[in-house]
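Enquirer: Respectively, the protein sequence lines represent chains A and B.
Just so you know, we're using our numbering here: the first sequence kicks off at 38 and counts up by one.
Just so you know, we're using our numbering here: the second sequence kicks off at 38 and counts up by one.
Honestly, the hints are just simulated from the structure, not real lab data.
Fair warning: there could be bad hints in the mix.
Copies of the same chain are indistinguishable here, so a pair counts whether it falls within one copy or spans any two.
Distance condition first, Cα-Cα at most 25 Å in a straight line; then the derived DMTMM-like pairs of lysine to aspartate or glutamate [claimed, not checked]:
(1) Lys202 x Glu69
(2) Lys110 x Asp76
(3) Lys202 x Asp74
(4) Lys110 x Glu69
What follows is each chain in one-letter form.
Protein chains: 2
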Amino acid sequence: MSDAETIALRQAMDPDWPALWQIIEPIFRAGETYALDPDIQESTARHLWLEAPSATFIAESEHGDALGTYYIKPNQGGGGAHVCNCGYIVSPQAQGMGVATRMCLHSQDEARQLGFHAMQYNLVVASNEGAVRLWQKLGFPIVGTLPDAFRHPRFGLVDAHVMYKRL
Amino acid sequence: MSDAETIALRQAMDPDWPALWQIIEPIFRAGETYALDPDIQESTARHLWLEAPSATFIAESEHGDALGTYYIKPNQGGGGAHVCNCGYIVSPQAQGMGVATRMCLHSQDEARQLGFHAMQYNLVVASNEGAVRLWQKLGFPIVGTLPDAFRHPRFGLVDAHVMYKRL
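Work out the full structure: start from the sequences and follow the hints.
Expert: The structure is reproduced here in structure tokens:
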């Protein structure tokens, strides 16, 4: 497949949902990184990932293969609406290509363009060590750790981090 | 009015909504403590406070006056569903009576009975100093501070705290 140079990002639209769901479903079903019911219905997931957010993006190879996806949305309403939240998922077939890095950097640019002043990850599961390290490398300090806040299906109770970056 | 000894807490039901809304509306409209659109519709507020949560409580004086209200709900789904979130509002007429303390202690008991293992406050506005101090006194450490995460209508950008207690 392609290297990081040839990853293209574009806004995802309704017809992209089947490709997104193929990437998202195994991650949601596994229940190891997202604090969502692993039995989530596809329609609920579609609302959450594609319909409710401010914008959703798809990462594609030069051949049009879906490599990953992310959403961006306000993390809170009212006085908290200038802080956004994003969720990222990389296809298992596209691991190690720098897709997560590309998406995270892209999301920060998008967030600024959408008028957000900061980005917050509310619950980064501590056992997802690769993600924690990557977000730190990309400028997100751990601002707090929630002890035993996540029940991992294999590891049991694990900590979760709140990570936050000014944009 | 009554003192802390005579505050009664009971589960709020549909017919209690007008009394709850009378307490809630000015707080939501002020936009100083809850990260919600100050122009929130009553039906949205009702869903948020009374319908969506696991349970909603009303604090009453011995004369049946509504003194405050709180809700309790899972803070996340899936692997995060064992951590609850609560929101508390005290009537302006009932300040200084210990209503918030009573509600917070009551909510911790309720949370345990509902099977929650921890309680998290996601965004405690730092300028709400009384609340920050009270939650700390009641066993909630600040696990992290989100810089400039809340736009206060009078003070501008202020920090917000994430507070978390194991139950």
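Enquirer: Determine for every hint whether it applies to the structure shown.
Expert: Here is how each hint holds up against the structure:
In the homo-oligomer, the alpha carbons of Lys202 and Glu69 lie at most 25 Å apart both inside one protomer (24 Å) and across protomers (23 Å), since each shortest distance falls under that limit. Proximity of Lys110 to Asp76 under the C-alpha cut-off of 25 Å is found in both arrangements, the shortest distances being 23 Å within a copy and 19 Å between copies. Proximity of Lys202 and Asp74 under a CA criterion of 25 Å is satisfied inter-copy only: 23 Å between copies versus 27 Å inside one chain copy. For the homomeric pair Lys110 and Glu69, the shortest alpha-carbon distances inside one copy (22 Å) and between copies (22 Å) are both at most 25 Å.
Every hint from the earlier list agrees with this structure, and none is contradicted.
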